[in-house]
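*Asks:* The chain contents come next:
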Amino acid sequence: MKSELLRDLKSLLGDDAVLHRPEELLLYEYDGSVEIARPTCVVFPRTTAHVQQIVKLANQYQTPLIGRGAGTGLSGGALARNGGILTVFSRMNRILDIDLENQRATVQPGVVNSDLSAAVAHAGLHFAPDPSSQKACTIGGNVSENSGGPHTLAYGVTTNHTLSLEAVLPTGELIRIGNPALDPTGYDLMGLFVGSEGTLALITEITVKLTRLPETVKTLLAVFETLDDATETVVDITARGITPAACEMLDGWTLRAVEAYVHAGFPLDCAAVLLLEVDGVKEAAEQHAEDVAEICRKHHAREVRVARDARERDLLWKGRKNAFGAVGRLSATYYVQDGVIPRTKLPATLRHINEIGKKYGFQIGNIFHAGDGNLHPLILFDARDQDQFRRVIAASDEIIKFCIDMGGAITGEHGVGMEKDRLMPLLFTEAELGVMSRVRDAFNPSGLLNPDKIFPSKKGCGEIHIRPLPVHGTAPQPTNAPGVPAA
Amino acid sequence: MSATGTTSHSRLADLVGSTNVSIEPEQLASFEIDGMRPAAVLRPESKAHVAEIVKFAGSEKLSVIASGGRTKLNIGLPPKRYDLALDMSALNKIIAYDPGDLTLSVEAGTRLLEVGKALAQHGQFLPLAVPSLRHTTVGGIVASGVDGPLRQFYGTARDFLLGLEFVTGEGVSAKSGGRVVKNVTGYDIHKLMIGSLGTLGVITSLNFKTFPLPMSPRGFVARFRSAAQACDLRNRIAKSPLTPITLDILSPRCAELFVSDAASRFETAPLPANVLSSTEWAVTVGYAGNEKVLARYEADLRRISQESGATNVTVLAENLNAAWTRKREFIPIALASSPATTIVKITVLPARMNDALTAAQNAAESNSLPWAALARGLGIIYFALLPSAQDDESRKRVVSVTTAMHEACAKLGGQSTIPWCPTAWKPYLKIWGLENPNFPQMQKIKTVFDSQGVLSPGRFVGGL
Numbered sequence: 003m004k005s006e007l008l009r010d011l012k013s014l015l016g017d018d019a020v021l022h023r024p025e026e027l028l029l030y031e032y033d034g035s036v037e038i039a040r041p042t043c044v045v046f047p048r049t050t051a052h053v054q055q056i057v058k059l060a061n062q063y064q065t066p067l068i069g070r071g072a073g074t075g076l077s078g079g080a081l082a083r084n085g086g087i088l089t090v091f092s093r094m095n096r097i098l099d100i101d102l103e104n105q106r107a108t109v110q111p112g113v114v115n116s117d118l119s120a121a122v123a124h125a126g127l128h129f130a131p132d133p134s135s136q137k138a139c140t141i142g143g144n145v146s147e148n149s150g151g152p153h154t155l156a157y158g159v160t161t162n163h164t165l166s167l168e169a170v171l172p173t174g175e176l177i178r179i180g181n182p183a184l185d186p187t188g189y190d191l192m193g194l195f196v197g198s199e200g201t202l203a204l205i206t207e208i209t210v211k212l213t214r215l216p217e218t219v220k221t222l223l224a225v226f227e228t229l230d231d232a233t234e235t236v237v238d239i240t241a242r243g244i245t246p247a248a249c250e251m252l253d254g255w256t257l258r259a260v261e262a263y264v265h266a267g268f269p270l271d272c273a274a275v276l277l278l279e280v281d282g283v284k285e286a287a288e289q290h291a292e293d294v295a296e297i298c299r300k301h302h303a304r305e306v307r308v309a310r311d312a313r314e315r316d317l318l319w320k321g322r323k324n325a326f327g328a329v330g331r332l333s334a335t336y337y338v339q340d341g342v343i344p345r346t347k348l349p350a351t352l353r354h355i356n357e358i359g360k361k362y363g364f365q366i367g368n369i370f371h372a373g374d375g376n377l378h379p380l381i382l383f384d385a386r387d388q389d390q391f392r393r394v395i396a397a398s399d400e401i402i403k404f405c406i407d408m409g410g411a412i413t414g415e416h417g418v419g420m421e422k423d424r425l426m427p428l429l430f431t432e433a434e435l436g437v438m439s440r441v442r443d444a445f446n447p448s449g450l451l452n453p454d455k456i457f458p459s460k461k462g463c464g465e466i467h468i469r470p471l472p473v474h475g476t477a478p479q480p481t482n483a484p485g486v487p488a489a
Numbered sequence: 173m174s175a176t177g178t179t180s181h182s183r184l185a186d187l188v189g190s191t192n193v194s195i196e197p198e199q200l201a202s203f204e205i206d207g208m209r210p211a212a213v214l215r216p217e218s219k220a221h222v223a224e225i226v227k228f229a230g231s232e233k234l235s236v237i238a239s240g241g242r243t244k245l246n247i248g249l250p251p252k253r254y255d256l257a258l259d260m261s262a263l264n265k266i267i268a269y270d271p272g273d274l275t276l277s278v279e280a281g282t283r284l285l286e287v288g289k290a291l292a293q294h295g296q297f298l299p300l301a302v303p304s305l306r307h308t309t310v311g312g313i314v315a316s317g318v319d320g321p322l323r324q325f326y327g328t329a330r331d332f333l334l335g336l337e338f339v340t341g342e343g344v345s346a347k348s349g350g351r352v353v354k355n356v357t358g359y360d361i362h363k364l365m366i367g368s369l370g371t372l373g374v375i376t377s378l379n380f381k382t383f384p385l386p387m388s389p390r391g392f393v394a395r396f397r398s399a400a401q402a403c404d405l406r407n408r409i410a411k412s413p414l415t416p417i418t419l420d421i422l423s424p425r426c427a428e429l430f431v432s433d434a435a436s437r438f439e440t441a442p443l444p445a446n447v448l449s450s451t452e453w454a455v456t457v458g459y460a461g462n463e464k465v466l467a468r469y470e471a472d473l474r475r476i477s478q479e480s481g482a483t484n485v486t487v488l489a490e491n492l493n494a495a496w497t498r499k500r501e502f503i504p505i506a507l508a509s510s511p512a513t514t515i516v517k518i519t520v521l522p523a524r525m526n527d528a529l530t531a532a533q534n535a536a537e538s539n540s541l542p543w544a545a546l547a548r549g550l551g552i553i554y555f556a557l558l559p560s561a562q563d564d565e566s567r568k569r570v571v572s573v574t575t576a577m578h579e580a581c582a583k584l585g586g587q588s589t590i591p592w593c594p595t596a597w598k599p600y601l602k603i604w605g606l607e608n609p610n611f612p613q614m615q616k617i618k619t620v621f622d623s624q625g626v627l628s629p630g631r632f633v634g635g636l
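Quick note, the sequences are listed as chains B and E, same order.
Quick note, this note's numbering runs 2 ahead of the 1-based positions in the first sequence.
Quick note, this note's numbering runs 172 ahead of the 1-based positions in the second sequence.
Chain E with its partners taken away, still in its complex shape (with noise of 0.2 Å):
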C-alpha cells in the first residue's frame, strides 16, 4: 500500500475513525509478522468495521491479516503480502455469559484471561489453557488452533465450540453453528475456522459451552529411566479407568528449562525441589475431585507408576500452580531458551509415541544438537530443537534433523508440521510437513471464502 500514500489512509479513516487508523512506524513494527511490516494498523470497533475494511481492501487488492494477543503470529509460512493489520484488541467485550445454559458468546479480541474470571465468579471455566496465557485472545487460540493440556479430558476448541461470526474475504458478514450446545443445522463451518490461521475469514466473536471449575486440582509426577517407561505409564493409564484432566510427558531438559531465566517470565513462583531431574523422564497427571477421588488417583497412580519403573513420584497440591503454568507454557519457554528454537509438532497413534520419540530423539543427537520434548497422552508430540547460535550451521543441521523427523512420522502413520522456527529458516523447512493429498479440497475450500487472496495469504498449508 505504500504507493497509496494519505488518500488510503484518510479512505481508511473514514472506516473505522482517525483515532482507530495508525501508521505510525513503532506501531506498525509491533505487528510485525515474520519480518513484514503492514502499511497500517486498524482497530476495528465491531463487525461492520471489519466487513468494511476487508470490502476495501479486496477492491483496493490489499491484504490483510487480524491479529489479537499477536502471541503465536509466527505459525506458518510469511504472507506473500501484508498490507493492513487488524487489531482486534478493540473487540474485546462478553456478550452473552448464561451460567445456567453453560454457553458464553465472546467477541474474538477478547483475552482469555478477562473470560477467565467472568466465567470464575460463576465456579465456570473455558478449557482452553493454551500458551502465553497472559496476553492470548479467544479469536487468536481459534484462528491459531493451539491447544493445551486440558484437551487429555476437555478436548480442544473443535470440541466446544458452539459457533462463531466472522467476516469472508468478500467482505461478507456470517455466521456458523448456534449459540446452544447441540446444534446440526446447516454445514459447520466454524470448524473450518479453527487453525485457519486467518485465511478463510476474520473471526469476529465466538461462541463455547463453559464447564464447570474442576475441585481441589492435584498432580502427580512420576519420573523415568527412560521415554519407553514413561510412555508405558501413559498407557496403562489409558488402559486404567482414571480420566485425568491432563496427561503430560516430559524429557528430561525440561528440569533444566523450566528453572531457567525463559521460565521464570512465565511463572515467578520456584518449581517445587525435585519434582523433575535433568537425568530423568516424566510423566505428569492432573486429576481433581472430592478426597475419595483424589485418594483413588492417587493410590492408583503410584501404583501403575511403580509397575511402570518409576524412580520418583511427587504429589502436587498447592504449589502445583508452580509446575502447571510451566507444563502449559513449555512452548514460550522453549522458544525463549535459544536464538533459533524450532519446534516440530508430531501426531501419532497414542501407542505409536515412544517409537517418534525415540527417531527424533536419534535425529537430534545424531545432529549434536540439543533438544526438550512435550508430548500430550493422547499422541501429539512438541519437540523442540535448540540450537546454540541462528547461522548456517545450526540451520542445516535442523534441516536435516526435521526432514528425517517429516520421513519418520509418516512412516509411523502420522504427520509433523514446524509451527515455530526463526523467520529466516522458513524457507529451508518444510513447515507444514510433507506434501498433503488433501490440498485440492482445501483449494476448494479457500476459494469458496476468500477467491482473491486477501485474508492471510500464503501463511497456510501449502501456501494457502
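Excised from the complex, chain B in its bound form (with noise of 0.2 Å):
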C-alpha cells in the first residue's frame, strides 16, 4: 500500500516534492520540542488543489495526514505521531494580497511570520503576533497553535489578529470562513478553527489584520535583587492604568547563560530583570515610561536602564528572542514548559519550580512573559539517559500540576499537541473532553487528521510517552533541529 500511495503523491506532485527514504524523513521526526515521531512520507503541495488532493489520497489508502509549517512548534504538534502524511506547507508561502487601506492582508500558510511584517513595514504596519521563532514559523502554523509572542500582552494572539481562512476538511471539503471585514455571521468559526492545532482543517489561505506601528517605543530594563521585587513591579504597573505593550523577566541564571551568549550588557549577579516596553503616541509612551521606571524604583530595582535608541533596544530584544539558544549551548537538551497563572502567584510559582529543580536535579531557568502569568521554565536535561528524560517528564508534570493548582492552565502559547495531551483530565472533565473530542468528530470524523494530538489517548493519563533521543556520536543540540524553537 505504501509504494502505491508514494506513486499516487508522486504523480500528484512531482518527485522533488514527496520524501520517503529514511534518511529524508530524519529531519521531519522532529519539531521544536523534545518530541519525536517519524512520517511515512513528506510531501510539498503548491497549490490549494494540491491539498485538496492529497486529503483525498490519504482518505483513499486511510492515511494519516498532518499539516506542517516551519517545524517551529513546541508541543509537537506539526510530528507524525503514528505515521502518515506530512503536509508541509513550506512552498505554499506566497503573500496573495496587501491592502493598506484596510490593514489587511491576505497569506498562503507557509509565508514566514516576520517576511509578512517585513513586506508592510514601508507603510508603518505589521503582524502583531511576534513569537520569538517569527524569522523561522509560519502563519499557517501561528494560526494552527494560536500562536502569542512577547507583545500579546497589548495586542492579543493570533485568533486576535486572524480574520478569515480557506481550510481544506479532512473529508476533502474545501471551505471559507470568517470575513475580511468584521463580524462574519453565524457561529464564530473562526474563533473554533484558529487554535485547533491542525485536528480540523488543512488551512490553505489566510487574511488577517495589520497593525498600526506605534509613533514612539520606550525599552526599558530594570534590575532586582529579587524575584518577590520584581514580580511586585509587574502587578503594581497595572495597578497604576498602564497596560505594558510587553513584559518579560528573566531570572538571574537565565540572564548570564543569556549574556555569555549575545553580550547584551546584562548584569551577572542579580536576581532577575524586567524588559518592558511602553508605546504609543510619544506624549503617551513617553510619560508611561517615566511612570514604569519609577514603580521599577519604588519596588528597589537597582538600576533602570532605558534604551537611547533602536540599536539599543533590539540588542536588549535579541537577548530575550535569544534566550532559548543561549540555554542550548550549556545543555545537550533542555524541556520548555509553557503553564499559565495568575500573574499574582508568580512569586510563590517560582519558588516551587525552583523546590522542584532541586528535588529532581535540574537546573531550571526560568524566563517568561511576566505580564500574562505565562512562564516557561527551561529545564537543563540530557535525553540520551532514559532515566533523565522520565524525570525530566515527572519535574515538568509537577510543574503543571502546581499551575493549576494556581488556578492556571496547560500551555499558554505552545498548544497541547502530543506532549500534554495527557494531563488535559487535570484540567477538563470526561464530560467536556468528550463535548471538545465531538467538535473534532464533527469536522475530522475519521480522525486521519492529526490523530492522537490535543486529546488524552484511552490510555489513561498515567503513561507517559517516552522515546529518548537516538545517539548520534554527540548529542544533538536543539539549535540542530529543524527550525528555531519559538517561545
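Calculated directly from the structure, the hints in this document are not laboratory data.
A couple of the hints might just be wrong.
Cβ pair distances, simulated, as ranges [stated by the list, open to error]:
no.: 1; chain 1: B; residue 1: LYS300; chain 2: E; residue 2: GLU198; range: 56 to 64 Å
no.: 2; chain 1: B; residue 1: ALA123; chain 2: E; residue 2: ALA400; range: 43 to 51 Å
no.: 3; chain 1: B; residue 1: LYS300; chain 2: E; residue 2: ILE267; range: 47 to 55 Å
DSS-like, lysine-lysine: derived pairs with alpha carbons at most 25 Å apart [said to hold, decoys possible]:
no.: 4; chain 1: E; residue 1: LYS411; chain 2: B; residue 2: LYS284
no.: 5; chain 1: B; residue 1: LYS211; chain 2: E; residue 2: LYS583
no.: 6; chain 1: E; residue 1: LYS411; chain 2: B; residue 2: LYS211
A virtual CB, placed ideally from N, CA and C, is assigned to each residue, including glycine.
Make the complex out of the two chains shown on their own, each in a separate frame, by following the hints.
*Replies:* Spelled out as C-alpha cells, the structure:
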C-alpha cells in the first residue's frame, strides 16, 4: 500500500515534492519540542488543489494526514505521531494580497511570520503576533497553534488578528470561513478553527489584520535583587493603569546564560530582570516610560536602563529572543514548559519551580511573559539518558500541576499537541473532553487528520510517552533542530 | 407544555423550588419573545439547577430559552417553540475578582452595572459599553453578541472573554477556556457561544480579562457636509499614530433622535448645544490620557478634521457623558423612535463604508423611508429605517430597501443582517442576510451541542 500511495503522491506533486527515504525523513521526526515521530512520507503541496488531492489520497489509503509549517512548534503538534503523510506548507509561501487602506493581508499558510511584517513595514504596519521564532515560523502554524509572543500582552494573540481562512476539511470539502470585514454572520467558526492545532482542517489561505506600528516605543530594563520585587513591580504597573506592550522576566541564572551568548550587557549578579516596553503616541509612551521606571525603583530596582535608540532596543530584545538558543549552548537538551498562572501567583510559583528543580536534580532557568503569567521554565537535561528523560517529564508534570492548583492552565501559547494530551484530564472533566472531541469528530469524522493530539489516549493519563533521543556520536543540539524554537 | 399542566409544574418545582417557578400570566408576558409566551418561567439558583432543567426539558421534548436583562430578545428569528423561560437573574454573583491579575469571574445573570461598580473600586472596568447598559447582563451581552463603541480600541467580548461555563442541550455541565489571560488549552468553545443566541448552551458563568479605567476621557466631534468627508476623517485617523478609544460616524438625523423623548429615557442630561447638526454628518472620537496626551489628540484631530473639510468641531470634557450615553444607546433610541424601526447591521471593510452608506441611503430615500445611521470606524454600520407606521405599505418599502442593502453589501464584499425589526415583519425579511455558505458547518456545531433542539430552537442562522 505504501508504494502505491507514494506513486500516487509523486504523480500528483512531482518527484521533488515527495520525501520517503529514511535519511530524508530524519529531519521531519522533530519539531521544537523533545518529541520524536517519523512520518511515512513528507509532501510539499504548491496549491489548494494539491492539498485537496492529498486529502483524497489520505482517505483512499486510510493514512493519517498531518499539516506542518516550519516545524518550530513546541508541543509536537506538527509531528506524525503514528506515521502518515506530513504535509509541509513551505512551498505555499506567497503573500497573495496586501490591502494597506483596510490594513489586511491575505497569505498562503507557508509565509514566514516576520516576512509579512517586513513586507508592510514601509507603510508603517506589521503583523502583531510575534513568537520568538518569528524569523522561521509560518503564519499557517501561528493560526493552527494560536501563537502568542512577547507583545501579545497589549496586542493579543493570533486569534485576535485572523479574519478569514480557506481550509480543506479532512473530508475533502473546501471551506471559506470568516470575513475580511468584522463580525461574520453565524457561529464563530474562526474562533474555533484558530488554535485547533491542525485537528479540524488543513489551512490553505489566511486573511489577517495588519496593525499600525506605534509612533514611539520605549524599552526599559529593570534589574532586581529579588524575584518578589520584580513580580510585585509587574502587578503594580497595571494597578497604575498602564498596560505595557511587553513585560518579560528573566531570572538570574537564565540572564547569565544569555549574557554569555549575546553580550547585551545584562548584569550578571542579580536575581531577575524585567524587560518592559511601552508604546503609543509620543506623549503617552514617554509618560508611561517615566511611570514604569518610577514603579520599578519603588520596588527596589537596582538599576533601570532605558534604551536610547533602536540599536540598544534591539540588543535588549536580542537577549530575550535568543534566550532559548543561549541555554542550548549549556545543555544537550532542555525541556520547555508553557504553564500559565494568575500573575499575582508568580513569586510562589517560581519558588516552587526552584524546589522541583532541586528535588529532581535539574537546573531550571525561568524566562517568561510576566505580564500575562505565562511561564517558560527551561529544564536542562540529557535526553540520551532514559532515566533523566523520565525524571524531566515527572518534574515538568509537577510544575504543570502546580500551575493548575494556582488557578492556571496547561499551555499559554505552545499548544497541547502530543506533549500535554495526557495532562488534559487535570483541567477538563470527561464530559468536557467529550464535548470537545465531538466538535473534532464533527469536522474530522474519520480521525485521519492529525490523530492522537490534544485528547488523551484511552490508556489513561498515567502513561508517559518516552522515546529518548537517538545517539549519533554527539548529542543533537537544539539549535540543530529544524527551525528555531518558539516562545 | 400547555397540555402537561400541573404535573409538570410540580416536577419543575422539584427541580428549582416552588418559589422559583412561575406560571403567572403577567410574569409569562414579561418573558415574551416575538409574541410567544413560555408556559413557565424558571429561576435557577445554580448551574446544577440549569443542568437539571435542561435535562428535564430534553426528556419532555420541551424547549428552553435563557434570558438576563431581556433587552435583546428580539434579535434573530422567532423561536420554533418556547416552553420554558430561564430567568437567569438569580445567578448574579461575582465569583472571583483579582484586580492584580486583571481577571474576573462572574455569574451570567449579573448586571454589567454591578460588575462595573465592583471593578471601579479598583480603577478597572470591563469595556463592554453595549446598548441598554442599565439593564443588560454579562451573559446576555455575550449570548447576543452585541457590540459597543469601545470596540474601536478594546475589541469585543471575543477579544477578552477568557472562558465560560455552560450547559449543553443534553444537560451536560461543561467549561471552556480558563481564568488566566493567556491560554490555548483545548478548543475555544467559548468563542462559539458568543452571539449564538443561546442555541448552543446556557451560559452560567463567564471569565473576563479586566482593564484599567482610562484616565480623563475626552470627546471630539467634527461635523461634515457629506458622509464621504466623515469617512475621509475616519481613514485619516486610521493612518495616523492616534489610537482613539471610540470612533463613530453619526448621520444627520442623529441630531434629532438624540434630543427626542426616546433619548431622554436613557440620558436626562441635555446634549451639549451645537455638537450635532440636523443637516450634517458627525465623526465622534473618544480618547484619554494625561494633559499632554489630550493636547496632542486635540491638536491632531483639529488639524486632520480641517483637512477632511469639517465645518465645526467641539471638544467635550465634563459634559462628555451626555453625548457618550446617546451614542452608546443609538439602537434603543432608534427602536423607540418609530413604531416599526428596522435596523440593518452592515459589515464591510472600513474603506468601503462610504460606498455602503451611500447604497443604503439611496435605497432608503428612493423608497421614501426616513433613516438614521451610526457607523463604527472599524467597518460596522447600524442603519435604522424609521417608517412612520407599522402598516403593509411601510413593510413593503422596508422589504425593498433591505433587499437592496443585502445585495449592495454582498457586492462590497461585506455582510448584512437585520437584528431588529417588528416581529410581524420577520417572515418577510432576510433576518440573517443572504444565504450563508457556512450553514453546513454551523449545522455540524449545533448538532454537537444540542442535537435535540432544546435550546432556543429556530432563532439562529437558517433556523438553527
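*Asks:* Against this structure, judge whether each hint is valid.
*Replies:* Hints versus structure:
no.: 1; hint: B:LYS300 <-> E:GLU198: 56 to 64 Å; verdict: 59 Å, holds
no.: 2; hint: B:ALA123 <-> E:ALA400: 43 to 51 Å; verdict: 30 Å, violated
no.: 3; hint: B:LYS300 <-> E:ILE267: 47 to 55 Å; verdict: 32 Å, violated
no.: 4; hint: E:LYS411 <-> B:LYS284; verdict: 16 Å, holds
no.: 5; hint: B:LYS211 <-> E:LYS583; verdict: 21 Å, holds
no.: 6; hint: E:LYS411 <-> B:LYS211; verdict: 14 Å, holds
Against the hints set out earlier in the document, violations occur for numbers 2, 3.
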